[in-house]
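Line by line, the protein sequences are chains X and Z.
If you use UniProt numbering, the first sequence corresponds to residues 1 to 397, in order.
If you use UniProt numbering, the second sequence corresponds to residues 1 to 366, in order.
Hints may contain errors.
[To be verified] Derived pair list, reagent style BS3-like, types lysine-lysine, alpha-carbon separation capped at 27 Å: (1) X:K208 to X:K165; (2) Z:K28 to X:K208; (3) X:K208 to X:K223; (4) X:K346 to X:K335; (5) X:K232 to Z:K331; (6) X:K376 to X:K335; (7) Z:K184 to X:K223; (8) X:K232 to X:K177.
If you're looking for bench data, these hints aren't it; they were derived computationally from the structure.
Note that the coordinates shown come from a computational prediction; the quantities given were computed from them, not determined experimentally.
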Amino acid sequence: MRKTLLASVAALAVVPTLAACTENASSGDDRQGGDARALSVGSSADACELSATTAPAGTLSFEVTNTGSDVTEFYLLGSDGLRIVGEVENIGPNLTKLLTVNVPQGDYFTACKPGMVGEGIRAAFTVTHSEEEQEVSASDQELIDQAQANYRAYVQDQSAQLLEKTEQFVQLYADGKDDRARALYPVAREHWERIETVAESFGDLDPKTDAREADVDFAAGEKWTGWHRIEKDLWPQDAKGYTALTPAERATYAEDLRANVTELDQRIQATGADALTYPIDAIANGSIGLLEEVANGKITGEEEAWSHTDLWDFQANVDGARVAYEGVQGLLEAKDPELATELTGKFDALQALLDEYRDGDGFVLYTALSPADTKKLTDAVNALSEPLSQLTAAVTS
Amino acid sequence: MTPAQDRLHFVALDVTTDDRDELVALLKAWTDAAARMTEGGSAGPVGAVDGPGNAPPDDTGEALDLPPSRLTITFGFGPGLFVDADGNDRFGIAARRPAALEQLPRFSADVLEPARSDGDICIQACADDPQVAVHAIRNLVRIGFGTTAVRWSQLGFGRTSTTSTSQTTPRNLFGFKDGTANIKAEETEALEQHVWVGAEDDPRAAWLTGGSYLVTRRINMTIEVWDRQSLESQEQFVGRTKGTGAPLSGGEEMSEPDFEMKGSSGPIIPVDSHVRVVHPHTNGGVRILRRGYNFVDGSNDVGGLDAGLFFIAYLRDPRTHFIPLQRAMSKSDALMEYLRFTGQALFAVPPGVGKGEYVGQALFDA
Chain X
1 MRKTLLASVA ALAVVPTLAA CTENASSGDD RQGGDARALS VGSSADACEL SATTAPAGTL
61 SFEVTNTGSD VTEFYLLGSD GLRIVGEVEN IGPNLTKLLT VNVPQGDYFT ACKPGMVGEG
121 IRAAFTVTHS EEEQEVSASD QELIDQAQAN YRAYVQDQSA QLLEKTEQFV QLYADGKDDR
181 ARALYPVARE HWERIETVAE SFGDLDPKTD AREADVDFAA GEKWTGWHRI EKDLWPQDAK
241 GYTALTPAER ATYAEDLRAN VTELDQRIQA TGADALTYPI DAIANGSIGL LEEVANGKIT
301 GEEEAWSHTD LWDFQANVDG ARVAYEGVQG LLEAKDPELA TELTGKFDAL QALLDEYRDG
361 DGFVLYTALS PADTKKLTDA VNALSEPLSQ LTAAVTS
Chain Z
1 MTPAQDRLHF VALDVTTDDR DELVALLKAW TDAAARMTEG GSAGPVGAVD GPGNAPPDDT
61 GEALDLPPSR LTITFGFGPG LFVDADGNDR FGIAARRPAA LEQLPRFSAD VLEPARSDGD
121 ICIQACADDP QVAVHAIRNL VRIGFGTTAV RWSQLGFGRT STTSTSQTTP RNLFGFKDGT
181 ANIKAEETEA LEQHVWVGAE DDPRAAWLTG GSYLVTRRIN MTIEVWDRQS LESQEQFVGR
241 TKGTGAPLSG GEEMSEPDFE MKGSSGPIIP VDSHVRVVHP HTNGGVRILR RGYNFVDGSN
301 DVGGLDAGLF FIAYLRDPRT HFIPLQRAMS KSDALMEYLR FTGQALFAVP PGVGKGEYVG
361 QALFDA
């Protein structure tokens, strides 16, 4: 999942605002020939051959085969020749990818772009009226704009709080106020965990900040820094033969974490050309990715190996996933109301279960969970994660 | 070299005796039993049902009526056979320990379990019928009681590598073709260069000339999480299409990946895709011979599949042909997010035995 987000953030400039497409590679050509909405496209160096230049309105699929020797792309463009209705890119020579897109009646252009340069090889394409036609709601764009703005505001707010609490935390730690540092540790980290998929998309900052000891290849000379390095020093009980860090070492690790979180915040708060944007598929993938974080690290108790405050992270991942989901929920309700109902129910069920493990302002430690508890939590995560994995395809179709 | 069979039983043993003669006697007994079983015979000279009624049979019997199923049995020697944890020469062969035969380092993100790692001796049984492979290991372990004890063992099904151009590439449990770029039996030169230990490789270990090093890694896949990745993400992680196995730069399965080909953002084959990270092109031309197997050992405590790939590779020198490769993978392979390495081991595999010889004879003969 990390990869998907990375790509999304890196490719911001080229992602259309209305990403109304689903890309899928297609391996075998076993689809029915008689379907007027199933079209094939052959993209060569100098031609863009479609099996038909007209189709009835509805969900169209274009099976695009690259018959040339350069990487190609295929676009369905609006009548102005600019608006991207659907696209599929990065089709290597001799490979086939599928574009599925919902298209209302109207005039369009198709374009193959061998070599990924220029205007492409264009031709007119007509979509005729059909009973199956779905109203493409004018409010879709509003929902998308709103979701993007809301999610950006959420990420920026969490990042600001993360920085503030991290500064307090590292100060307490550097000053040797260990009890207070231990109390603040899981609270400060909640803000990280809520936006973890965004933080992780900065490939360089994530390992410096959030690497677990087990992730570090000491034999290859890698250095361990960040949250968990300090965590071990604050909770050395389980660490056999552990040598506490000196005040000078503490100061170094504290400053390093502060500097990296500051840089993260600067990137997240950036404006103008450096501003992060959040395409709708990135928001949906963020929700999926945060649940994946729960399944991969928190449910196993591996994330907080020394403090055992995994359930704080668990809750924060779920918080972030829920916010991202609710950002696109309006869109999902228009496109797949059943999935929306299911996801809302499963989020509620997971939250209700998690609430059983609350203790004061926080949670019980991971070490207090019985195997039966862990199993129940895993089952609830699976129950949500499986339908949630359909979210991106559903909101971008 | 036999084209990889479909089933595996692999066992790692600790040597419990400190008597060199006992160890050599066991190697001789194993050599005899292995020879009989690979020909479809019984483990002991008498057999499962032809002995006296008042004694347990010298063969356990479950392979009766089954064909040999292309059974092969391979023995290997781990670092611990030569010197113990305190550095003591256990059987007078410490001076012949190959320099490369050392316990493998831990790699980042490894969650190695001691009970699934290392071992003094390994025995690999491969066959097309799982019962034949299990029969072989079971009987060899039985013969070893008192001299050796089982440290760990692993069952595998569905070879995940093609080792001959006559085989089609099978799929791993991620659903992708695996081992496309494997060294094939027909590639004599590549085998000489990358797999077999050369006569000049290690002056201390002439006995290993013509043999090889065997690396195992038990690679758990986080199956449930993987299954929720979009098809496009899966293909980006691997760097190949899921259907045909063609590299994302195009062509057919066997087409060379083009790592320079540009996509819409960066190379069309992502820099952290598995195919790129471990490709010979990115690793100084290093190639390995893989004979891995899928495994499913039931389910874990929370209902997830305890499953993955039992990686087995034969290579000329782990220091040049494995450690750098694994380090690169652990550091930057996108697949790492979905893998957990739970066991590993390294063994030196002596060359095949000649007539009248026993396994490892060149090592033990003065």
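Structure versus earlier hints, numbers of those that do not hold, lowest first: 2, 6 and 7
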